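The listed protein sequences derive, respectively, from chains A and B. Start counting the first sequence at 1; every next residue gets the next number (the numbering used here). Start counting the second sequence at 255; every next residue gets the next number (the numbering used here).
No wet-lab data here; the hints were simulated from the structure. All values derive from a computational prediction rather than experimental measurement. Any given hint could turn out to be false.
What the hints assert, rightly or not - No farther apart than 27 Å at their CA atoms in a straight line, the calculated lysine-lysine pairs in the DSSO-like style are these:
id, chain 1, residue 1, chain 2, residue 2
1, A, Lys197, B, Lys370
2, B, Lys321, A, Lys13
3, B, Lys459, A, Lys13
4, A, Lys198, B, Lys370
5, B, Lys321, A, Lys197
6, B, Lys414, B, Lys429
7, A, Lys198, B, Lys373
8, B, Lys373, A, Lys197
9, B, Lys373, B, Lys414
10, B, Lys429, B, Lys401
11, B, Lys441, B, Lys425
12, B, Lys321, A, Lys198
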Amino acid sequence: MRWKFTHASVTGKGHTDRGEPGQDFCKAGTVRFSDAEFFIGIAADGAGSTTDGGRGAEIACSTCYAQILETLRSAGELARISDVDIRNWITASHEAIVIEALEHGKRVREYACTILGVVAGHDRTIYFQIGDGAIVAGTGPDYQTIFWPEQGEYANTTFFITDEQFLDRLHVHHDTSPDEVAIFTDGLQNLVLSFAKKTAHAGFFVPLFGALRNAPENGFSDFSAQLAGFLSRNDISARSDDDKTLILALRIDG
Amino acid sequence: MSDDTNTILPDQQPLGAVTFAENPEPRCPCLLLLDTSGSMAGQPIAELNEGIREFYNELQNDSLAIKRVEVALLSFGPVRIISEFNTAESFFDPQLVADGDTPMGEAILKGIDLIKTRKEQYRANGISFYRPWIFLITDGAPTDEWKHAAAMVREGESAKSFAFFAIGVHKADMKILSQISVRQPVKLQGLKFREFFQWLSNSMKSASRSNPGDRILLAPPLGWSEI
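With the rest of the complex left out, here is chain B (with noise of 0.2 Å):
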């Protein structure tokens, strides 16, 4: 505390004396999207895993980030909760396996429903909270109907009630996947998880620090995609 608690008035009641509200920390939500399926099976998704750990340890080492920044994953082939939002002190292990096909328009509903309960849980608590990101990541195409998921993409986009990404890997069908995101999808270089999970990271930093009137803008993706 600086010297000016004591100045300011001296002979009366100093303004030390004042007490502060205490109010939650604004959240800033990101849903992953992981692709689960057969295809990834080995090395993509031993990176991924270690992706997302290292993910979780640059928010924990962030004071803010860490109060304010929730993470839910949701795996697909099959569609699981591996996550529901939490902040990332409680640090989660995602140890994700590869099986199974690619329900990506199942998991994208799904998804946006998850978003849709913790805006509300967020309103019923006086939280305030930032535009959420969808982060979808997949070597495939989807194995499911997904027209229905893209339309929904779209609608959320414009009511700009979140803002969806979508990563594809390897051999990911880059042109269904610019058929469900609104925004250019971004072709990951090799297998480069862990420069991908830091620039998010760094992305949720600089959101979770933004005040009333701030533009949120995403760094260029440099350093993980094929651009």
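Okay, chain A solo, but in the shape it has when bound (with noise of 0.2 Å):
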């Protein structure tokens, strides 16, 4: 068994036409340790009125996938991993983004951002997040969101990896592994979960993991330029200005 994935993350219209940069970031990839595949992907938002928020998502992201992989290592076996483990990745990640934040003179609030991520193998899967933007996981067409987005009060405030209370707004979730996950930033959220039932949009996910099925082998990172020029559509940057990040993991068996 083995996972096919593809990754793209594309700069909003809202950033754009404004000429700032975008504030998304994901890393995605697979590893083998005593002959069993792990998928690892990890996405971060940077936060809109910060000035740093894109670099506090690189730096969420590649904390978290190097402190991942070193307790992958270690451990060689999600079971063995725990909620400390875990607790610690994030931890890692925070302050991580704490010393460059001391190092610029610059306050730690100027580098917030979300964090979602997924290590999934061959039988087990661990999700966690802190903020908005989901995780959706299943067999076409029927998929579950891990957590729903989780949102302030308001529509613009959500919850960052930078907050002082980082960790009481972790979500964590162990499970059996799904045949397919997506992890996606809240750019997209309006546009493939659906508010009012709170479910995923199988409409949405369906074409999207066949097309990752059926793409060459070889041709891996075509298709996440295929999938970033997808996501920067004009029907759906007319439903979203904000950046948006998508990532598609499917087990192969075999």
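Using the supplied hints, reconstruct the complex from the two chains, each of which is provided in its own coordinate frame.
Pasting the structure below:
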């Protein structure tokens, strides 16, 4: 069994129109330890009102990814990874941001970003999240949201890994491994989740996973470029001018 | 639709087959508490009516604001709900008439109540929303008990339940207004209601576009205030 994945992150029209850089970041990959393959996917969304939210997102993703690799290397299997380990990944990511903020004489909140992550093995998968955006998992067309995007009271508020009480906002879930999993930032959530019913919109995910499943094995980079093109499509940006990040992974048996 | 719809994986099911979830637009509620006491009679009330009409006009000409900004109108002297929270799609001609006294305290309490009810409706329907704005516009001083209302405004501001702004016209008692509003009240220049509502619609338009993590900032009240 192994994992096939793709990812893309595009800058929203709301940012490009003002000449600003995008503030989403993501990191995804597979790694093999003691004959088992794991998929790791992390996405982070830097807060719009900050100066360095994009940099915060980048630090959060890279630090967390490195931490996960290290834990996997010593644990060898997901069953031996506890909530304490996951809190350590998040704390290390938080601290890496604090250190950079201090070095640059900036306030930590200028690096505010959310974080969403998946570590998937053969039979078990770990999910975690702070803030909005969501993770959707299942077997098409039957998809569930793992955590509902956590918003503050208002549409423009959420929670960040840079918050002082960041561990209080950390959601963790252990489950059996899904056939397909999607991780995305808040720029996509209104298009792919149905808020009235609190469900994932299968009409979005089924064609995407189908395309990934059929994509040629050696064409991964091409597929992610095509995914980026798709995320920049006019009918998508008309409904969401925010940055959009999407990571897709599916299991291939045999 | 752009061409890349079809260039992505041409030999397979095109991603053009992707459909999107339909969700209600997030709402941006704005409540206007309007003084219609006798002293507003004549030109002031005429200019206020005209300003509100322009306000709706401006919102209607903005494709996002028309779906997201919800305006409610409440007049006092006596306290009356002129219009419940509604998007600007349903244009409302206020036709305010000035008579009566200035029950500002009652109007504020009633307004806060309207906001609370509206938020409950949003939540019950899975609609996300921005922090509501309340604008109090008066040319006088309260003729009823207002201390309790002032306490409720302070409470609402500190809980971030809403943002409360007071605009004084002509001989408005700015001293009492500053005891009611946590934010510094602003004095309207002459009868520049139109300019005020122009500024307000611009502010609502930009607020209704903000994304998670954005801070909503009001533009400085230039062009209509005595500063």
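Cross-check of the supplied hints:
no. : hint                : verdict
1   : A:Lys197 - B:Lys370 : holds, 23 Å
2   : B:Lys321 - A:Lys13  : holds, 19 Å
3   : B:Lys459 - A:Lys13  : holds, 16 Å
4   : A:Lys198 - B:Lys370 : holds, 23 Å
5   : B:Lys321 - A:Lys197 : holds, 21 Å
6   : B:Lys414 - B:Lys429 : holds, 24 Å
7   : A:Lys198 - B:Lys373 : holds, 19 Å
8   : B:Lys373 - A:Lys197 : holds, 19 Å
9   : B:Lys373 - B:Lys414 : holds, 13 Å
10  : B:Lys429 - B:Lys401 : holds, 13 Å
11  : B:Lys441 - B:Lys425 : holds, 10 Å
12  : B:Lys321 - A:Lys198 : holds, 22 Å
Checked against the numbered hints above, the structure violates none of them.
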